[in-house]
Every structure is written in structure tokens, then in C-alpha cells.
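There are 4 protein chains.
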Amino acid sequence: MTPPVRLGMVGGGPGAFIGDVHRMAATLDGELTLVSGAFSRDADRSREKGRELGLEPDRVYDSWQEMAEREAGLPVERRIEAVVIVTPNHLHHAVARTFLDAGFHVFCDKPMTNTVEEAEDLCRRVAETGLSFVLTHNYTGYPLVKEARALTRAGRLGTVRKVVAEYPQGWLSRPIEAEGQKQAAWRTDPALAGIGLALGDIGSHADNLTRYVTGLEIEELCADLTSFVPGRVLEDDANLLIRFAGGARGVLYASQISVGEENGLALRVYGTEGSLVWRQEEPNELRLRSLDGPEQVLRRGNAYLSEAAKAATRIPPGHPEGFIEAFANLYRAGAARIRGRTDPGNLDHPTVWDGARGVHFIHKAVESARTGGWVRAGYLPPGEP
Amino acid sequence: MTPPVRLGMVGGGPGAFIGDVHRMAATLDGELTLVSGAFSRDADRSREKGRELGLEPDRVYDSWQEMAEREAGLPVERRIEAVVIVTPNHLHHAVARTFLDAGFHVFCDKPMTNTVEEAEDLCRRVAETGLSFVLTHNYTGYPLVKEARALTRAGRLGTVRKVVAEYPQGWLSRPIEAEGQKQAAWRTDPALAGIGLALGDIGSHADNLTRYVTGLEIEELCADLTSFVPGRVLEDDANLLIRFAGGARGVLYASQISVGEENGLALRVYGTEGSLVWRQEEPNELRLRSLDGPEQVLRRGNAYLSEAAKAATRIPPGHPEGFIEAFANLYRAGAARIRGRTDPGNLDHPTVWDGARGVHFIHKAVESARTGGWVRAGYLPPGEP
Amino acid sequence: MTPPVRLGMVGGGPGAFIGDVHRMAATLDGELTLVSGAFSRDADRSREKGRELGLEPDRVYDSWQEMAEREAGLPVERRIEAVVIVTPNHLHHAVARTFLDAGFHVFCDKPMTNTVEEAEDLCRRVAETGLSFVLTHNYTGYPLVKEARALTRAGRLGTVRKVVAEYPQGWLSRPIEAEGQKQAAWRTDPALAGIGLALGDIGSHADNLTRYVTGLEIEELCADLTSFVPGRVLEDDANLLIRFAGGARGVLYASQISVGEENGLALRVYGTEGSLVWRQEEPNELRLRSLDGPEQVLRRGNAYLSEAAKAATRIPPGHPEGFIEAFANLYRAGAARIRGRTDPGNLDHPTVWDGARGVHFIHKAVESARTGGWVRAGYLPPGEP
Amino acid sequence: MTPPVRLGMVGGGPGAFIGDVHRMAATLDGELTLVSGAFSRDADRSREKGRELGLEPDRVYDSWQEMAEREAGLPVERRIEAVVIVTPNHLHHAVARTFLDAGFHVFCDKPMTNTVEEAEDLCRRVAETGLSFVLTHNYTGYPLVKEARALTRAGRLGTVRKVVAEYPQGWLSRPIEAEGQKQAAWRTDPALAGIGLALGDIGSHADNLTRYVTGLEIEELCADLTSFVPGRVLEDDANLLIRFAGGARGVLYASQISVGEENGLALRVYGTEGSLVWRQEEPNELRLRSLDGPEQVLRRGNAYLSEAAKAATRIPPGHPEGFIEAFANLYRAGAARIRGRTDPGNLDHPTVWDGARGVHFIHKAVESARTGGWVRAGYLPPGEP
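Chains as they are written, first to last, in numbering that gives the first Met the number 0: chain A, 0 to 384; chain B, 0 to 384; chain C, 0 to 384; chain D, 0 to 384.
No lab work stands behind these hints: they were computed from the structure. Each hint can be trusted.
If several chains are the same, the list does not tell them apart, and a pair holds so long as it fits within one copy or across any two.
Straight-line Cα separation of at most 25 Å, SDA-like style, residue types lysine to any residue; simulated pairs:
1. Lys309 to Pro293
2. Lys309 to Gly344
3. Lys309 to Arg173
4. Lys309 to Arg286
5. Lys309 to Thr1
6. Lys309 to Asn345
7. Lys309 to Asp291
8. Lys309 to Glu281
9. Lys309 to Gln295
10. Lys309 to Gln182
11. Lys309 to Arg155
12. Lys309 to Glu280
13. Lys309 to Val296
14. Lys309 to Gly157
The structure presented is a predicted model; accordingly, all values stated were derived computationally and were not measured.
Required output: the full structure, derived from the provided sequences and hints.
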């Protein structure tokens with residue numbers, strides 16, 4: 000085994016659930032290890048988290064700027080190799096830019112940036128530096144999402160005609176941002192989250208998942224965005240009609256006021272010859288249908304699956320894998336790339352260019368809602384190989 | 000028991016599946032009986048069907064015009080009391096109009112008519128005559144749809160914010176109308192089906208079900224209609240964004256090119272306090288969720304259900320009821336109305352006015368698709384009590 | 000169409016749910032019609048039911064004995080052709096015997112009789128008379144049960160090794176027989192129900208379904224019977240291990256104290272090459288598995304099903320059929336037999352011989368529980384063709 | 000954070016899936032770390048695995064005996080604190096005994112030993128030494144299994160009357176042990192696996208899960224054991240009837256020839272007031288039923304769950320947790336015990352005494368099958384607090 004990739008984390012301080020998920024996912028296979036961090040703007044809280052994680056105190060920093068500078072000054076065999084960015088959205092660009100400039104690979108949470116300009120800036124930096132950039136659209140890590148992609152790309156569905164992508168949640172049904180819920184507070188604040196709430200937080204996942212599985216690019220869209228909860232500026236419910244290049248049609252929605260829903264991300268793809276359904280809350284099965292025969296239920300871990308699906312699993316069939324394992328597959332893909340084991344032209348993880356597409360998608364949806372109708376939304380991010 | 004309501008049927012000749020469904024539904028409870036028919040434009044086929052059904056030969060007619068005239072001439076205790084219209088859509092208006100004018104009650108398949116003008120004409124005739132008119136949006140007959148309505152109307156979900164209504168089918172994924180499939184042939188022919196295919200055949204059900212359960216009226220809509228199958232004029236896929244009066248939002252789609260789907264009608268309603276999910280293919284359960292507690296699975300036939308749901312069921316819990324039983328509830332409601340057992344101001348079945356709303360909905364969706372954006376779609380049919 | 004088979008019913012008075020089910024099932028297809036009845040020991044209640052059903056008053060009798068005698072005296076073209084027996088169990092034998100002797104065909108509820116001797120007496124009478132005898136183990140009427148049978152008999156599972164048949168219910172979890180619930184009262188009374196409660200009421204269904212699908216005959220069994228509810232004499236929970244002739248093994252249980260269960264009848268059959276699962280509460284799907292490929296979900300009404308499954312369905316896929324439709328298939332099979340349209344040597348419905356096997360099964364289970372261990376339970380009823 | 004508990008592993012060499020599961024589970028939370036191992040009888044393979052895991056070469060041993068001796072000789076702050084035993088069953092006793100004697104805590108796979116005498120020997124050693132012994136009946140780690148336990152123990156079901164515990168698998172449907180499948184080879188070899196195949200491998204889980212949730216102790220049992228696959232000595236299908244102390248009844252089966260099943264472990268518990276159902280393949284939901292109201296679906300991670308269930312989860316609702324996370328909860332419980340954070344008299348993980356019960360259960364099932372009937376099976380392991 001090659002030594003594990005050394006990681007530093009920006010964000011993910013005490014109480015920030017997503018930082019722990021990233022840590023568990025990164026270290027699950029022993030291929031990466033967390034050695035450094037700037038976990039909070041508050042230096043005391045950053046050090047508290049460092050102690051909780053058992054890090055060496057001199058690798059825990061008061062700010063991410065300090066971290067970038069001092070880590071870059073460490074001996075090459077000791078310094079971090081990659082940074083994990085799990086801050087609120089508005090910082091993604093500055094942090095990613097700084098660490099890329101310092102020569103570090105990046106794992107960055109989504110949405111990638113708050114503006115398209117920032118996103119494109121990162122695209123160009125990644126293209127220029129040749130560094131790895133993994134955008135953690137984690138749902139792409141599920142083995143049966145990879146199976147869905149493999150089947151669709153191999154033509155098992157024929158030509159795709161229709162996609163239904165939905166992501167209902169209910170946790171923002173009440174104004175909990177006004178009651179001190181920190182996860183809600185920053186997500187509902189345009190200064191931190193950008194111009195979208197449901198769009199950025201979960202709609203971007205639905206958009207990315209659609210593209211990851213089908214390869215379809217959006218050509219036009221029409222969005223209806225609503226802020227249902229009193230006092231909320233950003234939309235907590237987003238419904239879109241989509242026209243893809245080549246003629247396929249889509250329905251995509253993201254909602255955070257859908258009481259009783261947890262993380263109901265689901266993707267349905269219908270082609271001329273077959274269709275498939277995948278649901279995130281039951282991720283170990285994929286339903287595959289054809290024009291004539293009975294529906295098939297494909298289950299994770301079985302020999303009949305594609306190589307891509309089999310490579311993304313750790314345990315035999317029937318013992319469920321979940322969210323953390325799927326997330327870990329993105330880290331494993333990043334580690335393989337950093338260690339030079341994968342072809343940079345054929346990456347099996349969301350990239351900086353996917354990130355730019357996602358930011359562009361959010362902006363076009365907002366534009367459509369503001370102008371009240373269909374908008375053209377084709378897009379090619381700069382620097383994509 | 001009062002004697003069964005005597006029915007005549009127009010349409011439903013040999014091979015027409017829906018005629019048999021209407022007959023089974025109408026007679027399931029012994030409250031209606033089929034005594035007459037004009038089953039086909041082809042007099043031989045009409046008589047063939049009459050023989051198959053064991054009808055008296057002199058009550059089987061060569062045309063519906065003849066039937067209306069001759070039945071009206073029979074002694075009042077012998078003639079039919081109501082007509083069942085199961086022809087292709089383009090005939091609904093003329094047949095309904097003729098039988099209403101002859102003093103007969105009507106059970107009519109959906110969509111009610113091909114034009115809004117025809118629909119409004121029927122509205123006015125029903126209002127003037129006081130006759131019963133049951134539009135067979137049969138899904139409203141399911142006991143747990145009635146439960147969903149009762150819960151929603153009683154405020155168990157709080158204020159409704161969002162509705163997702165979908166009706167995917169796959170049976171028109173290929174151009175089977177060109178291969179002699181008669182059900183497909185007339186539905187894809189604008190001269191017979193009107194201006195909508197998926198919209199009329201199944202989208203109108205999704206629209207009606209939404210209104211039946213929530214009581215929400217459409218204010219604006221934006222539709223994307225596509226004809227995927229080569230050679231097809233009408234849309235086989237219809238996706239809509241909806242804004243309801245009062246601020247609720249909706250996603251509604253109907254598709255007949257969704258390979259692998261059978262009759263995937265599903266309704267999800269989200270309010271400020273709770274939500275519910277009902278799926279036509281598993282009609283004996285209804286999922287009810289609240290802001291805080293666990294999801295509940297309500298099952299048909301149980302004592303904890305509303306009176307409306309309990310009155311619409313025939314057998315104890317755990318023995319599934321299906322499509323025919325639900326359909327039969329519309330006939331039972333019609334029989335009760337004809338026999339004077341229900342309040343005409345409070346009918347628990349889709350009415351002529353619901354039919355007009357459905358026809359209006361189809362036309363507005365087509366207008367939106369043609370003009371390429373949002374259209375206002377508020378509507379009040381004439382003569383509604 | 001041949002004229003409908005004329006039926007008389009014994010039992011099924013006011014409030015007896017099962018009588019209405021039989022009537023709806025019998026008449027669903029228009030192939031049988033109810034013209035006569037002795038609905039209750041109480042002549043007034045019998046007449047009340049007759050009026051409710053709209054029967055001619057002179058065809059409603061004060062007792063089943065009177066009915067047998069007087070119907071037999073009617074002109075052949077007017078008298079009933081078959082009797083439907085829906086009384087408590089203890090009367091099945093006497094009624095069936097009497098009507099068979101009078102030359103009438105029989106539809107009889109299960110368990111067939113209270114003793115093996117009575118059962119064998121009916122077997123011999125049916126063999127001698129050549130009359131039709133349909134035992135209403137209604138679950139065999141579901142289309143996908145017929146598919147399961149067709150697949151298993153055709154060897155799609157290889158050699159059957161294991162069967163798990165279960166029928167949990169919860170409705171007798173409390174002593175409702177002491178609270179005036181009539182359905183509970185007679186079923187828990189050995190004088191009326193015979194020597195088994197859960198065994199007779201639902202265990203006999205699980206046993207019959209197993210045999211219907213697999214063709215396996217029981218060789219040995221070991222039963223554990225318990226009366227959980229205080230004051231109850233008969234068992235309300237029955238758990239059995241079974242050894243079938245040829246080496247297959249089985250687990251079979253029936254329980255009426257399984258709180259929260261409605262009619263959870265389920266059958267799982269495992270062979271050397273494949274397996275299948277069918278659940279009564281979701282009767283429109285059948286799961287089929289093989290050694291290597293993905294699970295298949297077969298759905299009612301599709302072209303890929305066997306002829307037997309297709310012949311047993313009335314409506315296209317995706318519109319659920321339920322309990323009444325399945326039940327109606329037994330009546331349709333009986334009508335076909337009575338009208339001479341089927342081969343008496345190859346009947347697709349439970350017969351008098353299946354009934355005898357069921358009664359024998361109940362008695363062997365009770366014997367096993369009493370003696371405390373395995374008992375031999377092979378059995379061949381007399382007179383089977 | 001206290002420093003992580005240092006682990007050594009015995010077994011789990013190259014290709015042994017379960018070793019990697021233990022390592023992922025042990026290290027998921029950063030509370031334990033693997034520092035040493037004797038991974039294979041073959042010293043080269045042991046070293047190969049050590050390199051793959053990035054261990055220091057001098058902490059990888061040629062045999063477990065050497066490991067026990069040399070680790071015990073290391074400075075106390077460097078030596079391992081606990082051993083993880085993942086060998087075939089026949090070695091569990093000797094390894095556990097040796098490491099307990101050397102003062103190390105133990106994590107041991109199940110079944111605990113091959114004989115009751117060995118099991119009781121371990122019970123006594125644990126009682127005497129006061130060391131921690133975690134038996135990795137990993138299914139008890141699922142949060143909703145803990146919820147099921149909490150609800151049952153709190154009386155939400157009333158008095159338990161009936162338990163149905165099943166564990167069907169299909170992977171041993173063919174004689175793959177003869178085709179070089181190593182996992183199958185040792186499990187089907189009595190010299191390595193002991194007297195049970197399905198009983199030891201998975202039946203012991205079903206037995207343990209039943210006891211963990213309900214607290215019920217077996218009083219009598221009757222088992223039917225079959226070896227279906229030609230050439231197999233041990234049973235690959237085990238069906239049992241169970242009588243619990245206090246009067247509850249049970250059906251328990253374990254099967255490895257159930258084609259198409261993966262790890263279908265399921266538990267149903269029925270009491271006088273309610274019931275629950277949990278299925279391992281959908282572990283994030285638990286169904287709870289009562290005498291009168293609708294079924295509730297409890298989902299992992301929600302605020303309405305018990306403290307025990309909430310403490311056993313890592314991520315919010317709707318993002319599935321799986322097998323590895325559940326397994327990790329046993330390691331977390333062990334670490335807490337080793338670090339003195341839990342009360343040894345109230346351990347929330349399967350113990351050495353549970354292990355003895357499991358071995359006793361297997362032996363009694365085999366005795367019942369050999370003698371052909373019911374056997375008494377009450378048991379109290381020695382030394383239990």
C-alpha cells in the first residue's frame with residue numbers, strides 16, 4: 000500500500016455534521032488521513048476540534064490563510080497533499096483558489112462557488128495546474144448510481160427521452176433559521192449561501208446526478224421558485240421544466256418544505272428501450288425496466304453488475320451500504336488520481352467543470368424565475384479536457 | 000332494496016376493455032343493471048355485444064340516436080334511467096346532450112368533451128335539468144383517496160403548499176397506433192381524441208385527483224408538451240408547473256412514453272403541518288406524515304379512517320380492493336343521487352363542472368405549450384351550484 | 000353467452016360479510032346469478048336478506064332443508080343449478096350432502112367439514128355423482144398465484160427444496176368473541192368451528208396454497224398450537240414444521256394474535272434453480288429469483304405471463320385487481336365446469352379432494368400438538384380421479 | 000479525545016472479507032486503531048496483509064501465539080490493548096483464552112466456540128479477569144434494532160406472545176465449497192465450523208437478535224435440520240419451533256439454500272398491545288403497530304426515537320446507514336468499556352454470556368434434530384453478572 004494521502008480540512012468545526020462525514024468517508028479505506036485543519040473562524044473552536052480529532056496541535060491553525068501558508072512551508076513529505084473544503088459556500092472560491100495556488104489538490108463541497116465567474120476562475124486554475132479537484136456531489140459515489148450510468152451510457156435504455164429528478168426534504172418547513180439552527184442559518188443567508196437555497200443545497204445534486212447518469216446537457220429551462228416560509232429571502236421550493244440538448248425532456252424539483260421527507264432524492268430515466276429508477280433512501284437497489292419483459296431489481300454487490308458498480312462496493316450483497324460508503328468512493332477516486340493511478344481524462348468523480356455547470360444551472364434557474372419563463376441554459380465551462 | 004337503476008350503454012363494443020369495466024363496476028353492488036345498449040357504430044357488432052351480455056334483443060340498438068329515441072318511448076318503469084357513455088371523446092358531447100334532453104341521467108367517461116364550449120353547454124344543461132351527471136374520473140372512488148381528501152379538507156396537513164401529481168405510463172412508447180392497436184389509434188387521432196393525448200387520457204385524471212383531494216384551483220400554468228414517437232401529432236409526454244390560487248405550487252406530469260410504467264398515478268400533497276402520499280398501484284395504503292412524529296401508514300378498511308373512506312369500502316382490511324371496486328363507488332354514488340338518497344349540493348363524485356374544468360385545463364396546457372410560457376388558467380364553469 | 004348459472008345460497012344472512020363477497024364474486028362476470036337462498040336459521044332474517052338482494056320472495060326459504068326440497072321440485076329450467084354454502088363450518092357437511100343428493104352442484108366455504116369422515120363422505124358423493132364441487136380457497140384465484148403454480152410446475156425453480164407459508168392476522172388478539180363479535184364467536188366455538196381455530200380459518204388456506212402452487216404432499220409434520228387469549232379453547236396461534244414427500248421441507252404458520260397484521264398470507268418457494276415470493280396483500284406482483292441474475296418482478300396482466308395467469312385477469316396491467324376478482328375466478332371456474340366447458344380431470348380450482356386434504360391436515364396438526372412431536376401425515380382422499 | 004484503543008487482529012488475511020469489515024468498523028469513529036496482527040497461518044500471507052494495511056513490520060507476526068507473547072512483552076503504552084478474533088470458529092476458544100490470559104480485551108466473531116465447554120471456559124475467564132469481551136453479533140448494532148429493544152423492554156408491545164425470526168440466504172445453494180470458494184469451504188467443514196452450518200453462521204444471529212430485542216430465554220425447542228446440497232455433512236437449512244420461558248412462542252429459521260435471498264434477516268415481535276417488524280436489508284426503518292391505530296414507520300436518526308437508538312447513529316435521517324456503521328457500534332461500545340466509560344453491569348453489546356447461550360442453542364438444535372422432537376433448552380451460562 001502506498002502511504003495515505005495527507006489531508007487538511009477547512010471548516011467542519013465543532014457541531015458541523017458534514018465535517019465528520021468527510022472525515023469518516025476520507026479515512027474509511029485507509030487511503031487518506033487527516034493531519035491538519037483550520038476548522039473554524041474562531042481559533043479556540045478550531046483548536047477544540049483539532050484536539051477532538053487527535054491532531055498534532057501545531058497542525059491546527061487559526062485561519063485557513065495561515066494554514067495554506069504554513070503547510071506550504073513544511074517539508075514536502077510532511078505537508079498536506081490536499082485540502083478538504085467544507086465551509087459555507089461563499090468561502091469555497093477563495094479557499095480553493097488559495098490552496099490550488101499553493102499547489103494543493105482540492106476536495107470541495109457543493110455548490111462550488113457563489114458566482115459563475117468564481118466557478119470559471121477555478122476551472123481555469125485547475126486546467127492550468129493539473130491538480131486534482133473533486134467536487135463532493137457524493138450521491139454519484141453510490142454503486143448503483145454507477146450502474147445506472149453504465150447501463151445508460153451503454154445504451155440499455157435506448158435513446159433517453161425523459162428524466163424525472165426530484166429531491167424533496169422537509170427540514171426547512173419551519174423558520175428554524177430564526178431559532179438558532181446553524182445549518183439552516185447560513186444556508187438561508189444569501190451572503191453565505193449565494194442566490195439559491197433549495198437550488199444550491201439539493202437542486203444542484205439533482206442536476207448533477209442527472210448529468211452523471213445520462214450525460215445529457217441542459218439547453219433550456221423554466222423554473223418556478225417560491226419562498227414559502229415567512230421571513231425567508233431565498234427559495235425553499237424549486238420546480239423546473241428542462242429541455243436537454245438532443246430533445247430529451249426533464250422535470251426536476253428540489254424542495255425543503257416537503258414535510259415528512261428526509262432525503263428523497265430519486266432519479267428516473269426513460270429511454271426508447273428501457274427505463275431505470277434509483278432512490279437514495281434505498282440505495283442498494285436499482286430498478287430496470289424494458290419494453291416487454293418484467294422489471295428487474297438489481298442489487299448492490301452482485302456479479303451481474305458492471306465493473307464500475309462492483310469497484311465501488313466493499314461488502315457482499317445483502318448487507319446494506321449507505322451514505323458514508325458512497326461518500327468514501329469520491330475520496331477513493333481522488334486518492335487514486337492524486338497517486339497517479341487514474342487517467343485524468345477519464346475521471347469517475349464530479350470535477351471542477353461539473354461544479355461550474357452546477358453554478359451556472361442555479362443562476363439560470365434564478366434568471367428564469369425572475370423573467371418568468373423559459374431561458375436558454377446551454378453552457379460549456381472553460382478549460383474542460 | 001330499491002330496484003336497481005336501469006342503464007343503457009353507448010360504446011363499449013366487442014374488444015373495448017373499458018365497456019366491460021363500466022359494466023362490472025355498475026353492477027357490483029346490485030344497485031344498477033344494464034338493460035340496453037348501442038355498443039358500436041357497426042350494428043352487427045352492437046348486436047353481437049348485446050348477445051354476449053344477455054340483453055333482450057329489442058333493447059340493443061343500431062345507433063345511439065335510435066336508442067335515445069326508442070328508450071324515451073318505452074313505459075317509464077321499463078325504459079332506462081341513465082346512459083353510460085364510453086365512446087371515443089369526440090362523441091361525448093353529442094351523446095350526453097341528446098340523452099340529457101331526453102331526460103336521462105348520465106355517466107360519462109373523461110375527458111368530458113373535446114372543446115370548452117361543448118363542456119359548458121353540458122354544464123348548463125345539467126344545471127337546467129337537475130339531472131345527475133357523473134364524470135368517471137374513477138380514481139376518486141378509491142377509499143384512501145377519499146381519506147386523503149377528508150384529511151386535507153379537515154386541515155390535518157395545515158395549509159397546502161405543494162402538490163406533486165404524476166401519471167406515467169409506458170404503453171405508447173412505440174407507434175402501436177400504426178400497428179392496429181385500436182385503443183391507441185383513436186386516442187392519437189385529434190379528430191376523435193381532441194387536442195390532447197397524454198393530457199386528455201391521463202393528465203386530466205392527475206388534474207382532477209389534485210382538485211378532488213385538495214380543493215385547490217389552478218391560477219397559472221406552464222406546460223411543456225412533446226410528441227416523442229415518430230408520426231404522432233399529439234403530445235405523448237406533458238410536463239407542467241402549476242400555480243394555484245392562494246399560493247400553493249404544483250408539479251404535474253403525464254407521460255405515455257415512460258417505458259416500464261403501467262398506471263403510475265401518484266399524488267403527493269405537502270402542507271405546513273403534514274403531508275400525504277397515495278399511489279394508485281398500491282391503492283390500499285396512504286402515507287401520512289407530520290412535522291415531528293413517525294410516518295403513519297393508513298390502510299383501507301380500518302376503524303380509524305374517516306366516514307367517507309369507510310363508506311367507500313366493501314370488505315375488511317387486508318384483503319385488497321382494486322380498480323373495479325373504486326370504479327364501482329362512482330356508480331354507487333350516481334345511483335344514490337338518482338334514487339334521491341344524496342344531497343345534490345354535496346356530491347361525492349366528479350361532476351359535469353369538474354369535467355369542464357378538466358377540458359379547460361387541457362386547453363390551457365396546449366395554449367401554454369404553443370405560446371411558450373406561463374398562461375393564466377383560472378376558470379369557473381357555468382352553472383355550478 | 001350461455002345463460003348464467005342459477006345459484007342458491009345457504010348462510011350469509013344480514014351482517015355476514017362473507018355472503019356478500021360470494022355474491023359479488025359470483026356475479027362479477029355475469030356468468031352466475033343468485034336466485035334463491037336460505038340465509039339464516041332465523042326465518043325473518045332470511046327473508047330480510049332476500050328482500051335486500053331483490054330476490055323473489057318465494058325463492059327465499061326458512062331453512063336449507065326446505066330450500067333443497069322445494070328447489071328440487073321446481074322445473075329444471077327454473078330451479079337452482081348450484082348451491083353456495085357459507086354457513087359456519089359444522090353445517091358444511093350436512094348441507095353439501097343434502098344438495099349433492101338432490102343433484103345440485105356445490106360451492107362450499109372452507110374448511111370443508113369438521114371431521115375427516117365427513118370430508119371423505121363428500122369425496123365419495125362427488126366421485127359418484129360427477130357433480131361439480133368448488134371449495135372456495137379463494138387465494139388460488141389470484142392471477143399471480145396461478146403464475147406461481149405455472150412456473151413451479153414447469154420447473155422454473157428446479158426441484159423445490161423449501162416452502163415458507165405464513166398467514167398472520169391480528170384481529171383475534173383480544174377476546175372479542177366475549178364482546179359479541181359474531182365472526183369471532185362461532186370461529187372460537189368448537190361445536191361450530193371444529194377442532195381448529197387458526198388452523199381451520201387460515202392455516203388451511205396456507206396449506207392449500209402451498210399444495211396448489213407446488214403440488215407437494217405432506218409426509219410428516221410437527222405442530223405447536225397455543226391459545227393465547229384467556230378463555231379461548233381453540234388455538235389462536237399455530238406453528239408447524241413440515242416434511243414433504245420427496246424431501247422438501249416447510250415452515251407453515253397461522254396466527255390470529257399477531258397484532259397489526261391484517262391478512263398477511265405469504266408464500267415463498269425455494270428450488271434448486273430459483274425461488275418465488277407472493278404476498279396476498281400485494282397480490283398484483285410476484286417476485287421471481289434465479290441462481291445468478293437479478294430478481295424479476297412479474298406484474299399481473301402482462302403479456303409475458305403464462306396462459307393460466309392471463310386467463311385469470313380482467314383488466315390491463317397497472318390497475319390493481321383484488322380479493323373480489325380473485326374470488327370471482329373460482330366462480331368462473333365452477334361455471335365453466337357446470338356448463339361443460341372444462342375437463343373434469345384437470346380442474347383449475349380447489350376440489351372436494353383438496354378439501355379432504357385440508358381437514359386431514361388440521362386433524363394431524365392437532366394430533367401432533369397433543370402428542371408433542373412429529374406425526375406421519377401422508378394422505379390420499381378417496382375417489383380422487 | 001482519549002487516544003484510540005490499540006488493536007491486534009488474529010485472522011483476516013488476504014481475501015478474507017470479514018477482516019476488512021472489522022477494520023473499517025473498528026476505525027470508523029477514530030476510537031480504535033489497528034496496530035498489530037497475525038493475519039494468517041501462512042507467515043508470508045500474514046506479512047503481505049500487514050504491508051497492505053501499512054502496519055509496522057515488527058508488529059506483524061507469524062502466528063497468534065507469537066503475537067500474544069511478544070505483544071505482552073511490549074511496553075504497556077505501546078502494546079495492543081485488545082485482540083480481534085476473525086479466524087474460523089474452531090480457533091476462537093484457544094485464541095480468546097490465550098489473549099485473555101495475557102490480559103488483553105477481546106472482540107470475537109461468532110459463533111463463539113465449537114463446544115459448550117469451551118464457551119463456558121471463556122465465560123469463567125471473563126468473569127474472573129474483568130476484561131471486556133465483545134461478541135460481534137453485529138446486527139445488534141443497528142440503531143433501529145436498539146429502538147426495537149427499547150420499545151419492547153419499555154412495554155410498548157405489552158407482553159410478548161410470538162416471535163418470528165428468519166435468516167434466509169441463498170449463497171450455499173450449490174456445492175461451491177467443492178469449487179474452491181474459501182468462505183464456503185471452512186464453514187461446511189465440521190472440523191473448522193463445529194456441529195452447525197446454517198445454525199452457526201446465521202441461525203446464531205437470529206437467536207441472538209431475538210434475545211437482544213425481547214429478553215426472552217428459550218425453554219424448549221424442536222428443530223428440523225436438512226443438508227440439501229449433495230456432499231454436504233452439515234445442515235444448510237434449519238427450521239425451529241421455540242417455546243420461551245413465560246409462554247411466548249417462536250418460529251426461527253436459518254437457511255443457506257434459499258436461492259435469491261441475500262441476507263434476509265428479519266425479526267417480527269408480537270405482543271398483547273403491539274408488534275414490530277425489522278428487516279436487515281432495509282435497516283433504516285422499523286415498523287411499529289398497535290391494536291387500533293395505523294402502522295408507524297420509524298426511521299433512523301429522528302428526534303422521536305429512544306436515546307439508545309439516537310446514540311447509535313452518526314448522520315441525520317434520510318441518508319442511509321448500513322452494515323459497517325452498525326458493526327462500528329459494537330467497536331464503539333467495546334472502546335467505551337475498555338476506556339471505562341460504561342457500566343460493566345449494563346453493557347449494550349453481546350457478551351461472552353450471550354456467546355455461550357448461542358453455542359448452547361446450536362447444540363440443542365442439533366440434539367433435537369437427532370432425537371426427533373422437542374428438547375428442553377433452558378440455559379444459564381456460568382459467571383454472568
